[in-house]
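Taken in order, these protein sequences are the chains called H and S. Just so you know, numbering that gives the first Met the number 0 puts 169 at position 170 of the first sequence, and the rest follows in order with no gaps. Just so you know, numbering that gives the first Met the number 0 puts 83 at position 84 of the second sequence, and the rest follows in order with no gaps.
If a hint is listed, it holds; no wrong ones were tucked in.
Here are the computed lysine to any residue pairs in the SDA-like style, where the Cα-Cα straight-line distance is at most 20 Å:
| # | chain 1 | residue 1 | chain 2 | residue 2 |
| --- | --- | --- | --- | --- |
| 1 | H | K95 | S | Q147 |
| 2 | H | K74 | H | I181 |
| 3 | H | K201 | S | I180 |
| 4 | H | K34 | S | R163 |
| 5 | H | K98 | S | N199 |
| 6 | S | K95 | H | H186 |
Honestly, the hints are just simulated from the structure, not real lab data.
There are 2 protein chains.
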Amino acid sequence: MSVIRRLPRYYRFISELKNKGIKRISSKELAEMMKLTASQVRQDFNCFGGFGQQGYGYSIDQLHDEIENILGLDKIQTAVLIGAGNMGMAIATHVKFTKRGFTLSAIFDNDKSIIGKNVSGIEVLDVSTLSYYLKSNPVSTAILCIPQEAVPEVSQVLYSHGIRNFWNFSHYDLEILYDDIIMENVHLSDSLMTLCYRINDKNEKQKN
Amino acid sequence: MSVIRRLPRYYRFISELKNKGIKRISSKELAEMMKLTASQVRQDFNCFGGFGQQGYGYSIDQLHDEIENILGLDKIQTAVLIGAGNMGMAIATHVKFTKRGFTLSAIFDNDKSIIGKNVSGIEVLDVSTLSYYLKSNPVSTAILCIPQEAVPEVSQVLYSHGIRNFWNFSHYDLEILYDDIIMENVHLSDSLMTLCYRINDKNEKQKN
Numbered sequence: 000m001s002v003i004r005r006l007p008r009y010y011r012f013i014s015e016l017k018n019k020g021i022k023r024i025s026s027k028e029l030a031e032m033m034k035l036t037a038s039q040v041r042q043d044f045n046c047f048g049g050f051g052q053q054g055y056g057y058s059i060d061q062l063h064d065e066i067e068n069i070l071g072l073d074k075i076q077t078a079v080l081i082g083a084g085n086m087g088m089a090i091a092t093h094v095k096f097t098k099r100g101f102t103l104s105a106i107f108d109n110d111k112s113i114i115g116k117n118v119s120g121i122e123v124l125d126v127s128t129l130s131y132y133l134k135s136n137p138v139s140t141a142i143l144c145i146p147q148e149a150v151p152e153v154s155q156v157l158y159s160h161g162i163r164n165f166w167n168f169s170h171y172d173l174e175i176l177y178d179d180i181i182m183e184n185v186h187l188s189d190s191l192m193t194l195c196y197r198i199n200d201k202n203e204k205q206k207n
Numbered sequence: 000m001s002v003i004r005r006l007p008r009y010y011r012f013i014s015e016l017k018n019k020g021i022k023r024i025s026s027k028e029l030a031e032m033m034k035l036t037a038s039q040v041r042q043d044f045n046c047f048g049g050f051g052q053q054g055y056g057y058s059i060d061q062l063h064d065e066i067e068n069i070l071g072l073d074k075i076q077t078a079v080l081i082g083a084g085n086m087g088m089a090i091a092t093h094v095k096f097t098k099r100g101f102t103l104s105a106i107f108d109n110d111k112s113i114i115g116k117n118v119s120g121i122e123v124l125d126v127s128t129l130s131y132y133l134k135s136n137p138v139s140t141a142i143l144c145i146p147q148e149a150v151p152e153v154s155q156v157l158y159s160h161g162i163r164n165f166w167n168f169s170h171y172d173l174e175i176l177y178d179d180i181i182m183e184n185v186h187l188s189d190s191l192m193t194l195c196y197r198i199n200d201k202n203e204k205q206k207n
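Pulled out of the complex, with its shape left as it was, chain H reads as follows:
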């Protein structure tokens, strides 16, 4: 796993320490909290210039601000969410967008019984107005919570309006259609199958 994949986890732990009012932490203490090794922590932080002086521990405030800066959480991206079914609703209400570098500007669905509803202070709009919306509102990112079969058509509208960044909960590998997009996939079924594999693999090993 690359250091980039580990940075959000560092950020979560360090944010908690900051909230608790803790000022300094050694690589050893942080490593113990996160079940990493101290040398792994030092090596990761060295990738970004060090974040501090060895032997004195790291300043929590400095770590927090520098990782926030590296992750780009201070430069807010505008996102639209497509699909306000159970998953879309969960995302819209559960995720702290502004703390993660995003603002959610609009939600779209094609279900007449959902259109017009208010979700987290945002009105659900008719997906047939998506193209019109994107013409007059700058959006960099789309969150896809739509059924697999709806992805090609919806993504074509998004792509044609310049959207290149996708947080994808649909079971469709969008990178197959477009070469120049940034895709962050959350494939829940893949995650569940991986869990299934790991359980069975452990059971098999215990049998032998």
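On the provided structure of chain H, position chain S as indicated by the hints.
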């Protein structure tokens, strides 16, 4: 990324081909569909004994059944879901458990307005009865959709009743508390921060 992490994705693609009635596929065709290289596909399949004869392509039915077998999707694990808020509701209604090697046997919450509701044919039970439920029902896996601060107490009940497998949507790294558990984390905020990083990293590179 290990081949194990790629297997669920192979399984998804191959299941779709099977549903379309396709009988054979070459490593080259499969690689093109999945944006991998043919040698990557062959190398992955060789890890598990090959799945077929080179030059003749792979049998879709055989691939499907062998990957299903390796993932252990045929041996059904019994799971309980803790937390029927937006995220828990989305998981309960959105995820095809039986196709992914699991059966969802019960849902628990502490909110009086949710307890007693029917979600995907399952009644939401009072979490205060969790211990009682686990005494009389064999459960191998827990799905955690509860707030961070509730995790230590709830996980202690689950662990004390022998549950060692967790699908974790809570922003809490449970492996810090227990050494002998299997954890599959879905940290949505980490995923969103990774997307944020990748967008900003691309923007920085385009500036330079």
